[in-house]
Structures are given as C-alpha cells and as structure tokens.
Amino acid sequence: MSRIILPYCGRLKHFSSNKINFIRTIVHTDQPYPTEMFENPLVRDHQRKRDEVPKDFHKQGTGLCGLYVNTHPHKDLSEIYVRILRVLDLMPKDYPYRQTTEQIVKERFGHVNSTDDIQILEEKIGMGQIEEVIEQALNELEAARTLVHYKAWEPLVEAPDEYQWRWPIAPGP
10 MSRIILPYCG RLKHFSSNKI NFIRTIVHTD QPYPTEMFEN PLVRDHQRKR
60 DEVPKDFHKQ GTGLCGLYVN THPHKDLSEI YVRILRVLDL MPKDYPYRQT
110 TEQIVKERFG HVNSTDDIQI LEEKIGMGQI EEVIEQALNE LEAARTLVHY
160 KAWEPLVEAP DEYQWRWPIA PGP
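Just so we're aligned: the sequence shown equals residues 10 to 182 in my numbering.
Quick caveat, the hints were computed from the structure, so don't treat them as lab data.
Possibly wrong hints are sitting among the right ones.
Here are the simulated distance ranges between beta carbons [claimed, not checked]: (1) Trp174 to Gly119: 37 to 43 Å; (2) Asp126 to Pro177: 30 to 36 Å; (3) Thr155 to Asp126: 46 to 52 Å.
For lysine-lysine, the following DSSO-like pairs were computed, each having C-alpha atoms within a straight-line distance of at most 30 Å [unchecked claim]: (4) Lys160 to Lys115; (5) Lys133 to Lys115; (6) Lys102 to Lys115; (7) Lys102 to Lys84; (8) Lys102 to Lys160; (9) Lys102 to Lys68; (10) Lys133 to Lys68.
Glycine included, C-beta positions come from ideal geometry on N, C-alpha and C.
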C-alpha cells in the first residue's frame, strides 16, 4: 500500500491511498489531490506562464523562483525602453539621472534592435538572463516615474539642517 503525504493544518499527515479514495468519495470529487492550493490565483498564474513556454524554446525555466521565461523579450524590452525614454523626456536635460539613464537605455535599446538571438542579447547587455533585464527595466521605469512625480531636480523648499551630513552625528550648536 502506497503512502501519500499531504499538507494538513501546517503539519504533514500521512494518508494511505485507501483513505484518499475515501476522502474523495466523501467530498464527491474525482480530483487526484486536494484542490485548495491549486485554486490560489498565484499558483494558477504560475502554471499558465509555465505552460506558455513552447517545448522547443531554448530554455524551459529561469532557475529563479517567481521569474518566468519570457518567450518574446525583444517586444517587451522595446516597449519598456520606449516608456522609460518618454518619462526621461519630462526631466530637465541637465539632470544627471536623466543623462546617465538615457545613455544606458539607448545603448541597451540598440542591442535589442540589432540582435535577434536572445542568448547573444543576454551576453551583450551583460546583466544576467533577459528576464532579469526586463525586471530591472521595469524597476527603472518605476524609479523614473517616481522622480518625475516628486520633481527631484527642483531645489529644496527649505534649507537642510546644517549638521545633516556630519558623521558621527554631532549635537547641534
């Protein structure tokens, strides 16, 4: 008789296959396992994203928990980079963040447009897997939007404390 281990109230309970069949008949289901975990939308989303990857794709997983294989990274990166550049246009031209980020994004955008092979693109960008680069680009887009929202390039409303940057913290006058 085979034994099946199921999570139950935070502990592992051992059930024989006979008990599983008995439980199935009580709840009137022909599911091979309890379904509460699989009704979780995050689990369903994971299964959907996992199943979207074609079997002949060059990789089936990223090896990073919660980061799924992107089967069309060129399209996604192009869209994100265009959005970042649009947000950067809202900042002053002499703002250092805009200058640096614009340079990096344009360089990577050029790689995306010039290279069709995903593995070569990962090597050219040099920041890990392409899915990680997409996550970084999304984070950069969010950071740029935040800077625009708060207008970080404008002068402070009031003068900072005289001892703000002194270390170790010294008492005031």
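Verification of the supplied hints:
| no. | hint | verdict |
| --- | --- | --- |
| 1 | Trp174 to Gly119: 37 to 43 Å | holds, 38 Å |
| 2 | Asp126 to Pro177: 30 to 36 Å | violated, 53 Å |
| 3 | Thr155 to Asp126: 46 to 52 Å | violated, 34 Å |
| 4 | Lys160 to Lys115 | holds, 23 Å |
| 5 | Lys133 to Lys115 | holds, 13 Å |
| 6 | Lys102 to Lys115 | holds, 15 Å |
| 7 | Lys102 to Lys84 | holds, 28 Å |
| 8 | Lys102 to Lys160 | holds, 13 Å |
| 9 | Lys102 to Lys68 | violated, 41 Å |
| 10 | Lys133 to Lys68 | holds, 18 Å |
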